[in-house]
Amino acid sequence: MSGHIGTVARKEFEDAGRSKLLWSLIGLLVGLVTVGYVAIWYTADDVTAAEVLSFVGTPLQVILPIAALIAGYMAVVGERRSGSIKLLLGLPPNRTDVVFGKLLGRTAVVTAAVALACLVSLVLSAVLFGSVPFVDWLGFAAVSALFGAAFAGLAVGTSAAVSTRGKSMAIVVGIYMILIALWELITAGPYHLIYGEGPPVEAETWYLLLEQFNPIFAYTNLISQIVEGSVFPFQFQYGLQSAGAYGMTPAERYPGDAPFYLQDEFGVVVLLCWLVVPVAIGYYRFNRTDL
Amino acid sequence: MTAIETSGLTKTYGDLVAVDDLNLSVEKGEVFGFLGPNGAGKSTTINMLLDLTRPSAGSATVLGYDAQTEADAISPRVGVLPEGFDIYPRLSGRRHVEFAIETKDADNDPDAIIERVGLSADDADRPAGDYSKGMCQRLATGMALVGDPDLLIMDEPSSGLDPHGIREMQDLVRAEAERGTTVFFSSHILQHVEAVCDRVGVLNDGELVAVDTIEGLREDIGGGATMELTLVEAAAGLRETAASIAGITDVVASDHALECTVTDPAAKADLVIALDDAGATIEDVRIDDVSLETLFTALTNGDESEAATETETASATASESGVAR
Numbered sequence: 001m002s003g004h005i006g007t008v009a010r011k012e013f014e015d016a017g018r019s020k021l022l023w024s025l026i027g028l029l030v031g032l033v034t035v036g037y038v039a040i041w042y043t044a045d046d047v048t049a050a051e052v053l054s055f056v057g058t059p060l061q062v063i064l065p066i067a068a069l070i071a072g073y074m075a076v077v078g079e080r081r082s083g084s085i086k087l088l089l090g091l092p093p094n095r096t097d098v099v100f101g102k103l104l105g106r107t108a109v110v111t112a113a114v115a116l117a118c119l120v121s122l123v124l125s126a127v128l129f130g131s132v133p134f135v136d137w138l139g140f141a142a143v144s145a146l147f148g149a150a151f152a153g154l155a156v157g158t159s160a161a162v163s164t165r166g167k168s169m170a171i172v173v174g175i176y177m178i179l180i181a182l183w184e185l186i187t188a189g190p191y192h193l194i195y196g197e198g199p200p201v202e203a204e205t206w207y208l209l210l211e212q213f214n215p216i217f218a219y220t221n222l223i224s225q226i227v228e229g230s231v232f233p234f235q236f237q238y239g240l241q242s243a244g245a246y247g248m249t250p251a252e253r254y255p256g257d258a259p260f261y262l263q264d265e266f267g268v269v270v271l272l273c274w275l276v277v278p279v280a281i282g283y284y285r286f287n288r289t290d291l
Numbered sequence: 001m002t003a004i005e006t007s008g009l010t011k012t013y014g015d016l017v018a019v020d021d022l023n024l025s026v027e028k029g030e031v032f033g034f035l036g037p038n039g040a041g042k043s044t045t046i047n048m049l050l051d052l053t054r055p056s057a058g059s060a061t062v063l064g065y066d067a068q069t070e071a072d073a074i075s076p077r078v079g080v081l082p083e084g085f086d087i088y089p090r091l092s093g094r095r096h097v098e099f100a101i102e103t104k105d106a107d108n109d110p111d112a113i114i115e116r117v118g119l120s121a122d123d124a125d126r127p128a129g130d131y132s133k134g135m136c137q138r139l140a141t142g143m144a145l146v147g148d149p150d151l152l153i154m155d156e157p158s159s160g161l162d163p164h165g166i167r168e169m170q171d172l173v174r175a176e177a178e179r180g181t182t183v184f185f186s187s188h189i190l191q192h193v194e195a196v197c198d199r200v201g202v203l204n205d206g207e208l209v210a211v212d213t214i215e216g217l218r219e220d221i222g223g224g225a226t227m228e229l230t231l232v233e234a235a236a237g238l239r240e241t242a243a244s245i246a247g248i249t250d251v252v253a254s255d256h257a258l259e260c261t262v263t264d265p266a267a268k269a270d271l272v273i274a275l276d277d278a279g280a281t282i283e284d285v286r287i288d289d290v291s292l293e294t295l296f297t298a299l300t301n302g303d304e305s306e307a308a309t310e311t312e313t314a315s316a317t318a319s320e321s322g323v324a325r
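Chains A and B supply the protein sequences, listed in that same order. Residue numbering for the first sequence follows the UniProt record's numbering, starting at 1 and increasing by one per position. Residue numbering for the second sequence follows the UniProt record's numbering, starting at 1 and increasing by one per position.
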């Protein structure tokens with residue numbers, strides 16, 4: 001590393017800060033939080049400020065990945081296609097600086113969006129509900145930021161690994177669809193084939209571990225730990241699992257004391273994996289390719 | 001010491017050989033023109049020097065550092081104007097130059113750089129996405145000049161520039177050369193190279209077909225000039241007078257025109273004086289120098305098996321290009 005990561009990241013942040021698309025995404029996040037708060041304040045009477053956070057977590061699990069993926073999927077490949085990467089690599093920054101500078105810059109952008117949305121929720125919480133569940137709020141913001149960073153990592157990693165915009169988009173959209181729409185088919189389907197029945201509540205450990213590694217589940221499980229009330233993962237349901245299993249975390253489904261990797265807190269590791277592994281693959285491929 | 005040295009540098013894409021066993025040496029302080037038609041492998045070679053593309057075989061050094069393993073030592077000392085690049089459309093021109101200054105840890109004044117490449121202060125404040133191709137070219141040139149590099153590598157620097165811009169570019173290359181900067185630049189347009197280069201290398205189909213000074217190349221290809229004189233008198237009577245002058249190898253007379261092949265430049269004046277002494281009245285003189293273009297066509301289109309007839313091809317194309325003008 002030649003120490004230009006920070007310079008590249010700053011340029012990235014500045015460049016992305018002028019992107020209209022990004023501002024509309026930030027607007028969407030902030031708008032979502034605002035609408036959520038106002039709607040709950042208007043309709044429900046006996047809701048505490050702490051409980052509102054869980055309502056905000058539900059739409060965030062769907063929108064935040066989309067925002068982060070959009071912010072990141074063009075990061076490296078976009079410059080490769082336009083040719084600005086030649087201008088960049090003609091200067092002292094090398095490929096390592098480019099990948100990690102981009103990752104840092106784009107993650108910072110997503111984090112800034114999350115921070116802005118959380119600040120709005122803080123203000124609305126105080127104004128509309130008269131109190132601020134500060135510890136809950138801080139945990140919520142931190143986990144949401146990590147969640148956003150995980151998807152930014154996935155997107156930047158993908159953008160470094162492929163040679164065309166189309167491929168990058170196909171991969172991130174594909175992964176998002178798998179996580180949110182096809183997950184049960186892909187995990188419970190094989191389970192059905194192996195054991196002749198769909199996963200019961202107390203499913204095999206490998207299956208629970210697989211569930212654990214869905215970053216969206218990891219997020220909702222973590223948030224449920226932090227805020228009052230539960231955030232349920234938004235999923236397409238195919239009825240392959242036993243009905244009682246939906247909405248339960250792997251830790252709850254495990255008979256007896258769950259091992260550490262099935263605990264809800266392990267979600268932090270899961271989210272970090274989704275951040276690190278795609279970047280590692282993307283970096284490896286980008287370092288070896290001809291531009 | 002050499003600024004750029006390649007040994008056996010080769011790049012293949014499947015069956016296609018883009019650069020074939022290239023051995024090239026560019027001395028420090030010289031202005032080297034890297035010529036060749038589009039698709040000859042110029043950009044591939046430059047991309048290998050900049051570690052954007054990895055060689056299939058062979059190696060290259062830039063300023064004494066290995067282009068692949070020591071790329072980080074090279075980039076701070078080199079200014080690069082890449083080919084087929086793009087700017088960051090949302091960032092201002094000035095921000096681009098500032099970014100280059102930050103990465104090179106240089107102490108240049110961004111405004112001075114911007115002025116030097118012919119962009120106005122107003123232009124510099126605008127997002128670079130609004131720039132024309134020529135302005136982008138100027139901006140990237142400015143970024144390349146940041147940090148007073150020891151070596152400038154410019155890939156097709158004249159693309160997108162109007163004739164005025166091209167002259168400015170040539171002035172800039174000369175000024176950099178005077179400062180002691182080595183300049184390596186590629187082009188497929190010969191006039192742009194002719195005016196500024198100490199030496200040229202001609203690349204065709206991935207192979208280096210010639211490396212020489214421009215004068216050297218001219219001599220090699222048997223390059224003389226053709227002199228065409230229009231006379232008031234009938235030309236036939238003066239043919240012998242013209243043919244008797246040393247340095248004139250061939251004279252064709254038709255009606256009032258004498259067409260002479262000149263091998264020694266000094267013979268041109270002798271010819272005019274001799275004709276004048278012989279009582280001829282010269283109405284017009286036209287000289288077709290063997291242009292670099294002719295050399296180039298001969299070198300890049302001339303089949304190797306026809307090396308012997310290369311000279312003829314050259315003079316044939318010389319007259320063609322003369323007519324075209």
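Rather than coming from a laboratory, the hints here were simulated on the basis of the structure. Check the hints yourself; a few may be wrong.
Now the in silico label distances, taken between C-beta atoms and shown as ranges [unchecked claim]:
id, chain 1, residue 1, chain 2, residue 2, range
1, B, A57, A, E265, 51 to 57 angstroms
2, A, L193, B, E207, 55 to 61 angstroms
3, B, D105, A, G256, 57 to 63 angstroms
4, A, A280, B, A112, 38 to 44 angstroms
5, B, R90, A, L193, 36 to 42 angstroms
6, A, A170, B, R90, 52 to 58 angstroms
7, B, R90, A, D290, 54 to 60 angstroms
8, B, R90, A, G229, 38 to 44 angstroms
9, B, R54, A, G256, 53 to 59 angstroms
10, B, D15, A, S19, 40 to 46 angstroms
11, B, P37, A, L21, 48 to 54 angstroms
Just so it is clear, CB atoms sit at the ideal spot from N, CA and C, and this is done for glycine as well.
Tested hints:
In this structure the hint that A57 of chain B and E265 of chain A lie 51 to 57 angstroms apart at CB holds, the actual value being about 53 angstroms. A C-beta distance of roughly 59 angstroms is found between L193 of chain A and E207 of chain B, which places it inside the suggested range of 55 to 61 angstroms. For the pair D105 of chain B and G256 of chain A, the beta carbons lie near 60 angstroms from each other, so the given range of 57 to 63 angstroms is met. At roughly 42 angstroms, the beta carbons of A280 of chain A and A112 of chain B sit within the given window of 38 to 44 angstroms.
As the Cβ distance of R90 of chain B to L193 of chain A is approximately 51 angstroms, the hint placing it in 36 to 42 angstroms is violated. Between A170 of chain A and R90 of chain B the C-beta distance comes to about 26 angstroms, which lies outside the given range of 52 to 58 angstroms. In this structure the supplied range 54 to 60 angstroms is violated for R90 of chain B paired with D290 of chain A, their Cβ-Cβ distance being about 28 angstroms. Take R90 of chain B and G229 of chain A: their Cβ atoms lie about 42 angstroms apart, and the range 38 to 44 angstroms holds.
The beta-carbon spacing between R54 of chain B and G256 of chain A, approximately 55 angstroms, falls within the hinted interval of 53 to 59 angstroms. Between D15 of chain B and S19 of chain A the CB atoms are about 42 angstroms apart, so this pair conforms to the stated range of 40 to 46 angstroms. Take P37 of chain B and L21 of chain A: their Cβ atoms lie about 41 angstroms apart, and the range 48 to 54 angstroms is violated.
When each numbered hint is compared with the structure, violations occur for hints 5, 6, 7, 11.
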